[in-house]
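S.K.: Sequence:
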Amino acid sequence: MSQVDKVVRVFRAVAQYPSPTSAKIMKTLIGSNAVPVVSTWSQRCLERGKIAKFQQMHFIDISLQKSSDLLPVDVSSEILSAFSSSEELRGVIREMPAEGNSKKKQFLEVWKNQQLWKVFDLAALDVHGDVYSDNDFGSLDWSPCEQKLLYIAEKKLPKTEPFYKQKAQDNKDDGQGNGKTIKGEEYVFRQDWGEQLVGKHQSVIFICDTKSETIKELKGIPPHLTPGQVIWTPDGKGVVGVAWETEPRRLGLIYCTSRRGCIFHLTSDGSFNILSEEGQSVRAPRFSPNGEYLVWLQRPSGGPHHAAHKLMCCKWESKKQNSIVGGKLFYGLFNADLPKRCWSADSSRVLLSTPQRFSVNSYVINIDDKTITECENEEGSQIVLDVQRDLVVCARSSFKQPARLILGKLPPKDKEQFILWSPVTNWQADTMLDSLVFHHMSLSHEDEIAENCNMYSAMYFGPENAESHEVPLIVWPHGGPHSAFVNNFTIYHAFFGLLGFGMLMVNYRGSIGAGQDNVEFLLGRIGEADVKDVHHATMEALKQFPFLNPNKLVLFGGSHGGFLVTHLSGQYPNLFKAVVARNPVIDVAAMATVTDIPDWNAVEAGYPYAEGEEMSLEAFSKMKECSPIFHVSKVVAPTLLMIGSKDLRVPSSQGIHYYYRLKSQNVKTKLMLYEDNHPLGQVPVEMDDLINSVLWFYQHIEKEI
Numbered sequence: 061m062s063q064v065d066k067v068v069r070v071f072r073a074v075a076q077y078p079s080p081t082s083a084k085i086m087k088t089l090i091g092s093n094a095v096p097v098v099s100t101w102s103q104r105c106l107e108r109g110k111i112a113k114f115q116q117m118h119f120i121d122i123s124l125q126k127s128s129d130l131l132p133v134d135v136s137s138e139i140l141s142a143f144s145s146s147e148e149l150r151g152v153i154r155e156m157p158a159e160g161n162s163k164k165k166q167f168l169e170v171w172k173n174q175q176l177w178k179v180f181d182l183a184a185l186d187v188h189g190d191v192y193s194d195n196d197f198g199s200l201d202w203s204p205c206e207q208k209l210l211y212i213a214e215k216k217l218p219k220t221e222p223f224y225k226q227k228a229q230d231n232k233d234d235g236q237g238n239g240k241t242i243k244g245e246e247y248v249f250r251q252d253w254g255e256q257l258v259g260k261h262q263s264v265i266f267i268c269d270t271k272s273e274t275i276k277e278l279k280g281i282p283p284h285l286t287p288g289q290v291i292w293t294p295d296g297k298g299v300v301g302v303a304w305e306t307e308p309r310r311l312g313l314i315y316c317t318s319r320r321g322c323i324f325h326l327t328s329d330g331s332f333n334i335l336s337e338e339g340q341s342v343r344a345p346r347f348s349p350n351g352e353y354l355v356w357l358q359r360p361s362g363g364p365h366h367a368a369h370k371l372m373c374c375k376w377e378s379k380k381q382n383s384i385v386g387g388k389l390f391y392g393l394f395n396a397d398l399p400k401r402c403w404s405a406d407s408s409r410v411l412l413s414t415p416q417r418f419s420v421n422s423y424v425i426n427i428d429d430k431t432i433t434e435c436e437n438e439e440g441s442q443i444v445l446d447v448q449r450d451l452v453v454c455a456r457s458s459f460k461q462p463a464r465l466i467l468g469k470l471p472p473k474d475k476e477q478f479i480l481w482s483p484v485t486n487w488q489a490d491t492m493l494d495s496l497v498f499h500h501m502s503l504s505h506e507d508e509i510a511e512n513c514n515m516y517s518a519m520y521f522g523p524e525n526a527e528s529h530e531v532p533l534i535v536w537p538h539g540g541p542h543s544a545f546v547n548n549f550t551i552y553h554a555f556f557g558l559l560g561f562g563m564l565m566v567n568y569r570g571s572i573g574a575g576q577d578n579v580e581f582l583l584g585r586i587g588e589a590d591v592k593d594v595h596h597a598t599m600e601a602l603k604q605f606p607f608l609n610p611n612k613l614v615l616f617g618g619s620h621g622g623f624l625v626t627h628l629s630g631q632y633p634n635l636f637k638a639v640v641a642r643n644p645v646i647d648v649a650a651m652a653t654v655t656d657i658p659d660w661n662a663v664e665a666g667y668p669y670a671e672g673e674e675m676s677l678e679a680f681s682k683m684k685e686c687s688p689i690f691h692v693s694k695v696v697a698p699t700l701l702m703i704g705s706k707d708l709r710v711p712s713s714q715g716i717h718y719y720y721r722l723k724s725q726n727v728k729t730k731l732m733l734y735e736d737n738h739p740l741g742q743v744p745v746e747m748d749d750l751i752n753s754v755l756w757f758y759q760h761i762e763k764e765i
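So in the numbering used here, spot 563 of the sequence shown is number 623, and the numbers just go up one at a time.
Derived EDC-like pairs: lysine to aspartate or glutamate, alpha-carbon spacing no greater than 20 Å straight-line:
id, residue 1, residue 2
1, Lys110, Asp736
2, Lys380, Glu352
3, Lys87, Glu147
4, Lys400, Asp295
5, Lys208, Glu147
Don't read these hints as lab results, they were simulated from the structure.
Make the full structure from the sequences, and use the hints.
M.R.: Now the structure itself:
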């Protein structure tokens, strides 16, 4: 078997593991001790080149610690779904792909008594554009009376046409822009929300009345706001949601929890009120089961794109608010969402999950005394997916173990850490993963004692063969920069590990999950502190793990991780044998005028961002000096660039410019240009990207498998 065939075989093996996207605890059947749970999973289908989605029903007997399952059902065409509170109705937004000359179509389906009850052809009704199903805007919620469905869709605009266009003789249009057709506006630029939200210009709230079989817009949102994440109020007479400000421009929204907005209350008669504080960024409104409380996540707007949040709690009747704070060693809330159902049965506790140093941990927060209790977890990360009747379903995984579902009963107050978990699923991992090891490293710079932040962390995952001293090491900084590596399962880590590579994942200063001070430390220090941390972690790993070969170090990273690996390649040209950079930031100054997030360039370079004000020459100079392009003349390591032609976050011009600079210096380089966006997440692209990365590393460290 050839080397390429072996690599492909390993990729196919790891790509088969599914990931849970949701789980819902259903009502227990009369006379049964088994708890029903409906789970939804995503899985790569290499043969179709797409992500497949399937749904499965589980029945868990907590007393026996056993689960039985029904066969999974493909739900790939469902983009949103929601059960009514009685669970007698299920609403589905189904999207059928375009075929031949026809356009894609969306349908709203209502299922009742295990059969399809009603269907609304949304394209034929023509009251709005596409339904929003993304994590920022998407909503589908049943009213308390179970007659109405609430969702978000694109605002329908009048049709446009050229100033002159021949028409059919019987056309009755007066041609005066009477609301049916507007002349001369087909080329008007309309802002959208950027990367991965292309075509989403103005969201609108819609209500489908299943009794009258009508779909109507819920009006009352001010024109400078765009709504999302809507839910019904407990009395069903209004909605609560998030609204983002659209003026003076729409900055890229995905991966950015910093956008200014508000939690709003809109009644059925169009009365609009803002509930949250001014100048905040907010997310994830959730009502308590008794309807007395509303919680949401909140942080100051602007600044770093991701940062610590407060959990806000509002007494619904009085609208009085307070923030919930922690009482133990706790690094802050860095979760960008809450479970759809996150409350205990008595409406006194909220369950959530957030990155904390080396893992994602789950917590129970008491809204009365504001205490935070960590749910014990032996290994890896644990994420709360659903809470109902004090039953909790979580997804648990680690580098060595694919995600599996567990179910537990929430104990009384002050004993929440001792939840007894029952397995719901247990995917069998490749036994070869058992031979790999995980180590976490708490690191600090002894020469920076005076700094307010001199500690950071890293994780090693991979082979451990003390006798060989031949393990090659992938040095891998994360993107963001305000994100983090955690001990959870990804096919990337499994793929590299099974092919014999060790991986050093560095959570440099600026990463989340280690306190707000850690996030803010990096502002104005990119290209310096983060580079120093990754290099220092590499040297410490070589000291701690003698099985690593210092002559077989390679670099791998995307976005800000690509920024760092190209920096390291230039600043330490003789240390690393090869580089793979995925949509890397190469020139912060040049990127500032073409990205969908120009505030990132200013803020990370240490300057305030103000729309409508040009950056100073000093700021542009600082951006240039902190960029990898500043060190490109020293690069000697063979460099493979993975670039998405549709990337709006780090436009392809960044990587292409770097490619030409390396070529002019006779540095061995190769550029893969994919018709994809920033994550390079399409199934065929991801496969090609990862396999080519490994082959590039093999070629330049002369490794055989």
